[in-house]
Amino acid sequence: MALSNDLIKQRLTDKFGDRVTNVEEPYGMLTFEVPKDVNLDVLQFLFDDPELSFQFLTDLTAVHYPAYQGRELAIVYHLHNLVENCRIRFKVFTPIEKPDVFSATKIFEAANWLEREAYDFYGVNFVGHPNLKRIQNVEEMDYFPLRKEYPLEDQTRLDKDDEMFGRGGSLSFDFGNRNEDGSPKTIPESIG
Amino acid sequence: MARPVSYNIKEKPLERDISMAELPDGYQGEGFFAGKMNDFVGLARKNSIWPLPFATKCCGIEFMATMASHYDLARFGSERVGFSPRQCDLLMVIGLISKKMAPVVKQVYLQMAEPRWVMAIGACASSGGIFDTYSVLQGVDQVIPVDVYVPGCPPRPEAILDGFMRIQDIVGKESLRRRNSDHYKKLLESYGIQ
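The listed protein sequences derive, respectively, from chains A and B.
According to numbering that gives the first Met the number 0, the first sequence is numbered sequentially starting from 0.
According to numbering that gives the first Met the number 0, the second sequence is numbered sequentially starting from 0.
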């Protein structure tokens, strides 16, 4: 293959030095992390360079990691080189108190709606986006649903209770796999 | 099991080879038949329902199968499905309605002329189905009054036809004054519809 992961890594470290971190290759796809203030520089570099030419933004999503302090929201860009059929992924982390990330709409038109979706579900504020408002949820919604602190289920239901889902309740079914004190039985005990 | 489960087991034996419709009660003589207005209007309405299929998701495929030749819905009188609420009697909500779509369904319902009936087909339209999430309306009966619910994920075409036949029962037996009655007005007010 003409465009190998090593070549891309070499070019990135030549240009950006040690700002490119956490380089790994899960399932053969090169993945790296950059600080959030250079994300547009990296995108522009990967777009313009005639050898790399990653000119197709396949996906732009966000992930919420509540365990990472100061780096809670990750914005993930998936880029594709159509000529060489090579894909890379890069991530940008931002703290949740001030989730400002530069918008990639000037470079990729596709980023317009993808960033609106990331804003809608995670609250990432894309600086420079022409029309940053909710795209899939109801406009009046006042929270960001896919953040980990909010539950998935609709809270207005009255009939779904713990007993129906096997989470205890008044009429729990005895599956025969727990001792009296609630600790789980090991396999020889429950058979013998 | 914690809760008793009831199964729908009905054995209907075949009475005759040709099924005949029942004549309504009335007094007949040579060249005339006098009966209740309710019966005749109900008979006419129930055998010529024009449905509006509001199909949003997978249950729409089962509805397409119901309209196709094998499980023909046209033999029940609904040959003409319309997509204009102004001309239709039965709003069939087929598939999941999200919270963003709920005002649209309500608007379509409001544009229908009386008498109108609503059938919620599928688990998602009846109660939200397996999608108990922040963005899914847990049953279309939170925004519009529903007459018949057809459970299933998706319901088989036979189940949709059974639901349609129950709608026909409701239409045939409905009182002509029901739409002006207090009971109906209270029902609509509880949904915020004037």
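Because the hints were derived from the structure by calculation, they are not lab data.
Only a predicted model underlies this, so the values are computations on that prediction, with no experimental measurement involved.
Check before you lean on any hint, since a few could be wrong.
[What the hints assert, rightly or not] Part of the chain B face toward chain A, derived, beta carbon under 8 Å:
hint : residue
1    : R74
2    : F75
3    : K99
4    : T132
5    : S134
6    : V135
7    : Q137
8    : D140
[To be verified] Cross-link-like lysine-lysine pairs, in silico, DSS-like; alpha carbons within 27 Å at most:
hint : chain 1 : residue 1 : chain 2 : residue 2
9    : A       : K132      : A       : K90
10   : B       : K105      : B       : K45
11   : B       : K56       : A       : K159
12   : B       : K99       : A       : K159
13   : A       : K147      : B       : K172
14   : B       : K98       : A       : K132
15   : B       : K98       : A       : K159
16   : A       : K132      : B       : K99
17   : B       : K35       : A       : K159
18   : A       : K147      : A       : K35
19   : A       : K105      : A       : K147
20   : A       : K90       : A       : K105
21   : B       : K184      : A       : K132
22   : B       : K45       : B       : K11
23   : A       : K147      : B       : K185
24   : B       : K45       : B       : K185
25   : B       : K11       : B       : K56
26   : A       : K35       : A       : K8
27   : B       : K9        : B       : K184
28   : B       : K105      : B       : K185
29   : A       : K147      : A       : K184
30   : B       : K184      : B       : K105
31   : B       : K56       : B       : K99
32   : A       : K8        : A       : K90
33   : B       : K98       : B       : K35
34   : B       : K105      : B       : K9
35   : B       : K35       : B       : K56
Where is the CB? At the ideal position from N, CA and C, for every residue including glycine.
We went through each hint and held it up to the structure:
1. For R74/B, the suggested interface contact is broken, since its CB lies about 37 Å from the closest CB of chain A, more than 8 Å.
2. The closest approach between the C-beta of F75/B and any C-beta of chain A is roughly 33 Å, which is over the 8 Å cut-off, so the hint fails.
3. A least Cβ separation of about 5 Å between K99/B and chain A falls short of the 8 Å threshold, and the interface hint therefore holds.
4. Annotation: interface hint on T132/B holds; nearest CB of chain A at approximately 5 Å, less than 8 Å.
5. With a least beta-carbon distance of about 6 Å to chain A, the hint placing S134/B at the interface is held under the 8 Å criterion.
6. About 7 Å separates the beta-carbon of V135/B from the nearest beta-carbon of chain A, less than 8 Å, and the hint is met.
7. The closest approach between the C-beta of Q137/B and any C-beta of chain A is roughly 6 Å, which is under the 8 Å cut-off, so the hint is satisfied.
8. A least Cβ separation of about 13 Å between D140/B and chain A goes past the 8 Å threshold, and the interface hint is therefore violated.
9. At roughly 23 Å between alpha-carbon atoms, K132/A and K90/A fall within 27 Å of each other, so this suggested pair holds.
10. Using a Cα cut-off of 27 Å, the hinted pair K105/B and K45/B holds, with the two alpha carbons roughly 24 Å apart.
11. Only pairs whose Cα atoms come within 27 Å are accepted, and K56/B paired with K159/A is accepted, the gap being roughly 24 Å.
12. Straight-line distance between C-alpha atoms of K99/B and K159/A comes to about 23 Å, which keeps the hinted pair within the 27 Å bound.
13. Taking the CA atoms of K147/A and K172/B, the gap is about 52 Å. The hint is violated against a cut of 27 Å.
14. In summary, the hint linking K98/B to K132/A is supported, as the alpha carbons are separated by about 17 Å, within the 27 Å threshold.
15. Pair hint K98/B plus K159/A holds up; C-alpha atoms about 19 Å apart against a cutoff of 27 Å.
16. The suggested pairing of K132/A with K99/B holds, with an alpha-carbon distance near 15 Å, which does not exceed 27 Å.
17. A threshold of 27 Å between alpha carbons decides the hint, and for K35/B with K159/A the separation of about 46 Å lies outside it, so the pair is violated.
18. As the CA atoms of K147/A and K35/A are separated by approximately 22 Å, the hinted pair is consistent with the 27 Å bound.
19. Between the alpha carbons of K105/A and K147/A the distance comes to roughly 31 Å, so the proposed pair goes past 27 Å and is violated.
20. Restraint check for K90/A and K105/A: the C-alpha separation of about 19 Å stays at or below 27 Å, so the hint holds.
21. As the CA atoms of K184/B and K132/A are separated by approximately 39 Å, the hinted pair breaks the 27 Å bound.
22. Distance check on the hinted pair: K45/B and K11/B sit about 22 Å apart at the alpha-carbon level, within 27 Å; holds.
23. A hinted pair counts as satisfied when its Cα atoms are at most 27 Å apart, and K147/A with K185/B does not qualify at roughly 42 Å.
24. This hinted pair checks out: K45/B and K185/B have alpha carbons roughly 25 Å apart, not beyond 27 Å.
25. For the suggested pair K11/B and K56/B, the alpha carbons sit about 33 Å apart, so the restraint of at most 27 Å is broken.
26. Distance check on the hinted pair: K35/A and K8/A sit about 19 Å apart at the alpha-carbon level, within 27 Å; holds.
27. Taken as a hint, the K9/B and K184/B pair is broken in the structure, with Cα atoms around 35 Å apart against an allowance of 27 Å.
28. Between K105/B and K185/B the alpha-carbon distance is near 17 Å, which keeps this suggested pair within the 27 Å criterion.
29. Taking the CA atoms of K147/A and K184/A, the gap is about 32 Å. The hint is violated against a cut of 27 Å.
30. At most 27 Å may separate the alpha-carbon atoms for a hinted pair to count; K184/B and K105/B meet this at roughly 17 Å.
31. Restraint check: the Cα-Cα separation between K56/B and K99/B comes to about 15 Å, which is no more than 27 Å; the hinted pair holds.
32. Of the pairs offered as hints, the one joining K8/A and K90/A holds, with about 15 Å between alpha carbons and a cut-off of 27 Å not exceeded.
33. The suggested pairing of K98/B with K35/B is violated, with an alpha-carbon distance near 44 Å, which exceeds 27 Å.
34. A threshold of 27 Å between alpha carbons decides the hint, and for K105/B with K9/B the separation of about 35 Å lies outside it, so the pair is violated.
35. Restraint check for K35/B and K56/B: the C-alpha separation of about 42 Å exceeds 27 Å, so the hint is violated.
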